[in-house]
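One letter stands for each residue in the lines below.
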Amino acid sequence: NAGVTQTPKFRILKIGQSMTLQCTQDMNHNYMYWYRQDPGMGLKLIYYSVGAGITDKGEVPNGYNVSRSTTEDFPLRLELAAPSQTSVYFCASSYSMSYSYGYTFGSGTRLTVV
Amino acid sequence: RKEVEQDPGPFNVPEGATVAFNCTYSNSASQSFFWYRQDCRKEPKLLMSVYSSGNEDGRFTAQLNRASQYISLLIRDSKLSDSATYLCVVNIDRGSTLGRLYFGRGTQLTVWP
Chain V
1 NAGVTQTPKF RILKIGQSMT LQCTQDMNHN YMYWYRQDPG MGLKLIYYSV GAGITDKGEV
61 PNGYNVSRST TEDFPLRLEL AAPSQTSVYF CASSYSMSYS YGYTFGSGTR LTVV
Chain D
115 RKEVEQDPGP FNVPEGATVA FNCTYSNSAS QSFFWYRQDC RKEPKLLMSV YSSGNEDGRF
175 TAQLNRASQY ISLLIRDSKL SDSATYLCVV NIDRGSTLGR LYFGRGTQLT VWP
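Listed in order, the protein sequences are those of chains V and D. Take 1 as the starting number for the first sequence in the working numbering and just add one per residue. Take 115 as the starting number for the second sequence in the working numbering and just add one per residue.
Source of the hints: derived by calculation from the structure; they are not laboratory data. Because the structure is a prediction, the values reported are computed rather than measured.
The following label-pair restraints were derived from C-beta to C-beta distances:
# : chain 1 : residue 1 : chain 2 : residue 2 : range
1 : V       : 12        : D       : 168       : 44 to 50 Å
2 : V       : 20        : D       : 154       : 26 to 32 Å
3 : V       : 28        : D       : 171       : 22 to 28 Å
Only pairs whose alpha carbons sit at most 35 Å apart, straight line, appear in this in silico DSBU-like list of lysine-lysine:
#  : chain 1 : residue 1 : chain 2 : residue 2
4  : D       : 116       : D       : 159
5  : V       : 14        : V       : 57
6  : V       : 14        : D       : 116
7  : V       : 9         : V       : 57
8  : D       : 156       : D       : 116
9  : D       : 193       : V       : 44
10 : V       : 9         : D       : 156
11 : D       : 159       : V       : 44
12 : V       : 14        : V       : 44
13 : V       : 9         : D       : 159
14 : D       : 159       : D       : 193
15 : V       : 9         : D       : 116
16 : V       : 57        : D       : 159
17 : D       : 193       : D       : 116
18 : V       : 57        : D       : 156
19 : V       : 44        : V       : 57
20 : D       : 156       : D       : 193
21 : D       : 116       : V       : 57
22 : V       : 44        : V       : 9
23 : D       : 156       : V       : 14
24 : V       : 44        : D       : 156
25 : V       : 14        : D       : 159
26 : D       : 116       : V       : 44
27 : D       : 193       : V       : 9
Selected chain D positions facing chain V (Cβ under 10 Å, derived; list incomplete):
#  : residue
28 : 122
29 : 152
30 : 156
31 : 159
32 : 160
33 : 216
The beta-carbon is built from N, C-alpha and C at its ideal position, and this holds for glycine as well.
Produce the entire structure from the sequences given, and follow the hints as far as they go.
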C-alpha cells in the first residue's frame, strides 16, 4: 500500500518557469490537500479538494492552481515561479472530515526557485 | 494572532527524562486536536489525537484544557528515537464544507545519550 506519492522529490526552477507537482493516493480518500512549509514555520494550506471535480482555495493560494479529475490524483500547478515559492510542498489525504484518522502525508517536494 | 502557538524550543534532554510541550489555540470553535511528529526533512505523521478527558499512548500523554484553550504533550522515559519536531494541530470548523486544520510551528526535541 503506497499511501500518498509525490513527485518529484526535488526541483530547481528558474524565475518565471512553470511546473506541476504530482500527487496520487491509493487509499480511496475523498479529501486531498496541498500544503507548503517554509523553514521554521507551520504548514500553510494552499488548496484542497473534497472530491473529484471539487477544489477550493486555502490560506495561501496565490501563484498556484489545482485540478482534481480523479479521486486518486491532485496535481499542483505553479505558474511563473517566484523566489517566494521556494519551500517544501506536502500533499495529504484524509478519509474523514472528523479528522480522527488524521492526515496521510506524502514525502514532500523540495522546490527552489532561483 | 496565530491560530496555534507553540514554544519552538529547542528542548535538549537526556535519555530517560520526562519532557512536556505546551500549545495554545486562539479559536474557541476549535473542535479536534492532534499532535503530529515530524522528523528532519520528512513528512509529518500523526502521533496521537487529543481527547477532552486526556489520553495516553505508551510513554505519551496528551491533555486538553478547553477553558484555557491549552493542549499539552508529555513524553516519559525519553528515547533517542523521540528526537523530532512535534507539531500541535487544531481543527477549526467555520461552518464551511471543510473544517480547517491549523498547524503550529512545531517544538524541536533532541534527546541525547
